[in-house]
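Trainee: These protein sequences, in sequence, are chains A and B. Counting in the numbering used here, the final residue of the first sequence is number 887, and the numbers go up one at a time with none missing. Counting in the numbering used here, the final residue of the second sequence is number 173, and the numbers go up one at a time with none missing.
Just to be clear, a hint being listed does not mean it is correct.
[To be verified] In silico SDA-like cross-links for lysine to any residue, where the CA-CA straight-line distance does not exceed 25 angstroms:
id, chain 1, residue 1, chain 2, residue 2
1, A, 779, B, 137
2, A, 790, B, 125
3, B, 67, A, 790
Keep in mind that the hints were calculated from the coordinates and are not lab data. None of these values were measured; they are calculated from a predicted model.
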Amino acid sequence: MHIRLPVKFFLNILLLIAFGSTLQAQKKYNKVDSIEIFRLLNEADEADMHGQMDLAFTLVNRAIEKSRQNSFLTGQAFGLLKLADLKLKTDGATGLDKYYQEAKKLAKIVNNNFLNGLIDLQYAQQKNQAAEFEEAEKYCQDALKYFILSDSIHYIAYTYNELGFIYEKMGKYENAAQNNLKAISGFEKVGDLKEAANTIGNLAIVYYRLGKKNDALEMFKESAAIREEIRDIKGLAATYGNIATIYIPIDEDSAEKYYSLQLHYALKSGVKANIAQAYANNVVILDKQKRFSEALEKEKKAIQLYEEIGDKSKLGIRYTSAGNLYHKLNDSLNAEKNFALAESLGNILNNKPVFQNLYLHRSEFYKSRKDYNRALYYLEKYHLYKDSLVNEKTSSNIAELQLKYETEKKDNEISQLNAATKVQQLELDHHQALLKANQLENQKKEQSILLLKQDQKLKEELLARQSLAVKSNEQQLKISEQEQQLKEQELQREKLIRQIIIGLTTLAIILSAILFGRYRLKRKLEEQKKILAVRDNISRDLHDEIGSTLTSINILSNISRQAFSKDPVQAKNLLQKISEQTKTIQQNMSDIVWSLRPENEAIENLEVRMREYSAQTLEANNIKTQFHFDDKLHKLAFSHDVRKDLLLIYKEAVNNIIKHARATQAEITMERNDHKVRMIIKDDGIGSQSNSNPLSGTGTKTMEQRAKDISGHLLIGRNNNGTTVTLEIPLT
Amino acid sequence: MLFEWQDDYELIDIFPDAMNILKDIELYSPDVVLLDIDMPRVTGVEALKQIRTVYTELPVIMFTVFDDDNNIFEAMRNGANGYILKKSFDQLIPSITDVLNGGAPMTSVVAKKVLQLFAHPKAKQDLKKTEEAALTKREDDLLQLLIKGYSYKMIASELGISIETVRVHIKKIYRKLQVNSATEAVSKVLRG
């Protein structure tokens, strides 16, 4: 069983300290009317910075007292905030909320953006320390808003640093690095070397987490050099501790050297957390040298200090470590007692790393006492927590991706909003059409009025004629009367018909206007939906294939800029990496563009692209390649998604042949039957003898994921005659 | 910058656009001209046409972003000696040497366009008059394979000839393409 090594590694990781900022820059207090109070607070900051905690307390209390006497609310709020800060450092987090609440109340009254931001930021730091990361992130974002309003670059940088710290703890390393870099550039802008050094240290931790030990060491040393220059004692203790921690598994002498530096500065600073950290580091070294009783002595000191501060998650780990040491000293009673203490703390905190660590040590403990039943029980529990930790990490990664995806969705929502305004526009058009129809109707009415008037004139004329005719005879009169009646009847009938026709026409116009409007609206919406779906696809592709690499390039180029003058060799390596990643992007970009072009829907073009790729790769590596393309394929057309994923699976398979197979021949086949298309990539390489195990590699996983995305089925077979990759896609 | 470290080549000058390309060539009399295709005011293909009105033999190499097949085809039929893709920038110097010694490579899309041009009825009419500009059976087979994405090596083994022979054929096809384009232009002038 070789599980001991990873345990130590695990302990080491937990010992690294990231730095939240300590928030005592100059220019924080600047009102002229209360110089005395701000002078006191400034001096308190100074004392805190040099580790003179007692003096700092005295000065802050005096500042608060004076502010109260003068009813100077701003000063009082700043004082309370500083008091909470100092108490957090010396006594731990319990019972501090009341200071924040009071300070917040005062800040609201004086409506001071900067003060509000400072309160949120400091509260976020406390939440971070209590491992309530989501809360902490929320308060940081609030603080960021306030600081942007008050235009204080320095504190914007502090907030970015804190965010970087929080993301690092949440395992969102990419976010962490981004925020750290923002913070560094902010601190450099205002010339705050101390905080720049802090943040460089934090960035180093992110690198350590990503498994780049040497880079992390370089950055820590850079940070330490700056701290030496400005005599930052507390910072030096932590940085040297971090360096020692990294050295422990690789270089014991260096580890001891840096550990003694750590203890020296920790004692000098008088900050309990620093001293406890130093002792804890020493335990790891002594444990490694099998000096168990000395290690236990140091462990007890560390435990006592952590108990005084009230840092429960650290205590959980220390109890486990103490239990482990007792076990090695054959004191099983105390060992079990300490394990039990760690478990109860783990239960309070629901802290998975504490449990994982604890169960592994317990399992070891019972195994050495030949209590295999319990050893197995705890080992199983260890694996349970380990798996759930890994799952948690993956799920947090997924959550991050979702977050990014959300922002893209918002863009889409904006375009949907645009669509909505367009719909409104259409409705407006429709109204105008109705209005026009009404006008038409009015015109027609006017015409009918005109007609009526003409009728009347006609009548009048007839009447005149009648009066003339009166002079002739009555018969004529009668006839003319009859004629008149007839004419009137005729006129009325005509009028009626005319009105019916006008009414019907108007109705028809209105109806057709409404129906046409509806039809156009529906078509527009359908088109919009289609466009949105395509855009969704493209944006996801760009994000997945290009975005992540660009982020990496961004980080690398920032670091290489910093390394350029100090370490040209490293800078050269970094530039080489940037150049490689840029090439990858070019490749991916070209694939995405290719898959988007409508003319590439035809399968012949996929065939062309596959042949060309194999010429650039297999042929260039002297691997003889044969192609078999089924003629039945030629009638097929694939959608954008399918052809992209098919091509990328093919490329990955071809790349694997070049990297791992040591093949001399390859055979590529595409065929179809009624239900599916099958792609087979076969080589005559070493197959199952390949000592790297690409089955579990990320390349294979990506291939499987891509196959799943297009509801295909991927099969990888290996034997002594080589490797065969088979992909089947159902035809729908 | 790249050219400063090379013994075989010397960079004479760089111009932001091709407004005065003929005067510039007269002034410096270069051995090779590298032309970007996407340039302000005058496109690379336009500039190439101008150059060819005066300098029929001066080697001109197009230097372009991604595999922009349309422009490559236009450039080749207007007398470019070859093209280099910007994404293979690290291959720039050997590519220049390659083009000067052996002629340009041919991609699937360019091959398709070449074939279309030769299959065009008007072109066919004109080609009957100038027999040497028509495609031979071998050249036609070769283009068909290129369209399917075959590499030179694959073509060589498919047709049972050497890679060198494939290259010679490609060179001939390009030459015929230029002749053909020229006759097309002439017939246009006669008609217009």
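Trainee: Against each hint, give a clear statement of whether it holds in the structure.
Mentor: Comparing the hints with the structure gives:
no., hint, result
1, 779/A <-> 137/B, "13 angstroms, holds"
2, 790/A <-> 125/B, "19 angstroms, holds"
3, 67/B <-> 790/A, "35 angstroms, violated"
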